[in-house]
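Enquirer: Each chain, letter by letter, is given below.
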Amino acid sequence: DGGITQSPKYLFRKEGQNVTLSCEQNLNHDAMYWYRQDPGQGLRLIYYSQIVNDFQKGDIAEGYSVSREKKESFPLTVTSAQKNPTAFYLCASSISGAVGADTQYFGPGTRLTVL
Amino acid sequence: AQSVTQPDIHITVSEGASLELRCNYSYGATPYLFWYVQSPGQGLQLLLKYFSGDTLVQGIKGFEAEFKRSQSSFNLRKPSVHWSDAAEYFCAADYSSASKIIFGSGTRLSIRP
Chain A
614 DGGITQSPKY LFRKEGQNVT LSCEQNLNHD AMYWYRQDPG QGLRLIYYSQ IVNDFQKGDI
674 AEGYSVSREK KESFPLTVTS AQKNPTAFYL CASSISGAVG ADTQYFGPGT RLTVL
Chain B
112 AQSVTQPDIH ITVSEGASLE LRCNYSYGAT PYLFWYVQSP GQGLQLLLKY FSGDTLVQGI
172 KGFEAEFKRS QSSFNLRKPS VHWSDAAEYF CAADYSSASK IIFGSGTRLS IRP
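The listed protein sequences derive, respectively, from chains A and B. Numbering of the first sequence is given in our numbering, commencing with residue 614 and proceeding in unit increments. Numbering of the second sequence is given in our numbering, commencing with residue 112 and proceeding in unit increments.
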């Protein structure tokens with residue numbers, strides 16, 4: 614089955630630690646995205662990548678980093694610089710990332726809790 | 112700034128009743144429009160999308176949405192809801208700028224038995 618997988622489903626981190634969230638897709642999509650979801654705020658874009666070895670900051674990139682070394686993988690690192698990292702993180706992908714008319718498909722999400 | 116507004120934070124309807132969830136997008140060029148559904152602790156699933164053409168769009172699970180340019184709206188409807196429709200619903204718009212889709216803040220739907 615084609616789809617997007619995110620791991621782990623639940624993640625706990627101590628303050629001051631970096632943590633990496635995994636996102637893998639086997640849809641052969643060029644574009645991938647990371648969103649953060651907080652209650653009552655919808656989804657906010659952290660980073661996106663339209664092609665391998667290239668990525669751009671979204672609206673709330675501070676305290677996060679990404680890499681796109683392979684087409685199917687787009688890991689997100691939450692660094693200690695992120696002041697309020699507890700949230701639900703969603704990864705998505707789309708065929709091309711071309712401007713307009715491109716549907717995004719979502720993974721099941723990772724819930725990160727900072728202890 | 113481009114935006115998507117979902118005016119209702121939480122709606123409760125009785126099982127079997129009709130449903131309408133509201134969505135308004137900011138003025139300007141017509142964006143591409145989407146409705147997604149999210150069950151608790153899960154990712155988002157696409158219900159339907161509007162790119163152009165017929166303003167009444169059919170989606171999965173018996174949902175439909177109507178695009179109204181004059182009202183800058185893209186409301187989601189279902190004639191008869193089922194208990195399994197309880198979830199959070201997100202409207203989204205793609206204004207064709209740097210691959211960024213703008214999401215509304217969501218409407219939580221509860222179903223009364």
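Simulated from the structure, these hints should not be mistaken for laboratory data. A hint or two may mislead.
To be verified - Calculated pairs, BS3-like style, for lysine-lysine (alpha carbon to alpha carbon, straight line, at most 30 Å):
id	chain 1	residue 1	chain 2	residue 2
1	B	Lys211	A	Lys683
2	B	Lys160	A	Lys696
3	A	Lys684	B	Lys179
4	B	Lys172	A	Lys670
5	B	Lys179	A	Lys622
6	A	Lys622	B	Lys211
7	A	Lys683	A	Lys622
8	A	Lys627	A	Lys670
9	A	Lys696	A	Lys683
As the list claims (entries may be wrong) - Among chain B residues calculated to face chain A with C-beta under 8 Å, some are:
id	residue
10	Val148
11	Ser150
12	Leu159
13	Trp194
14	Ala198
15	Phe214
16	Gly215
17	Ile222
18	Arg223
19	Pro224
Glycine residues also receive a C-beta, built at the ideal position from the N, C-alpha and C atoms.
Enquirer: Tell me, which hint numbers fail for this structure?
Expert: 2, 3, 4, 5, 10, 11, 12, 13, 14, 17, 18 and 19
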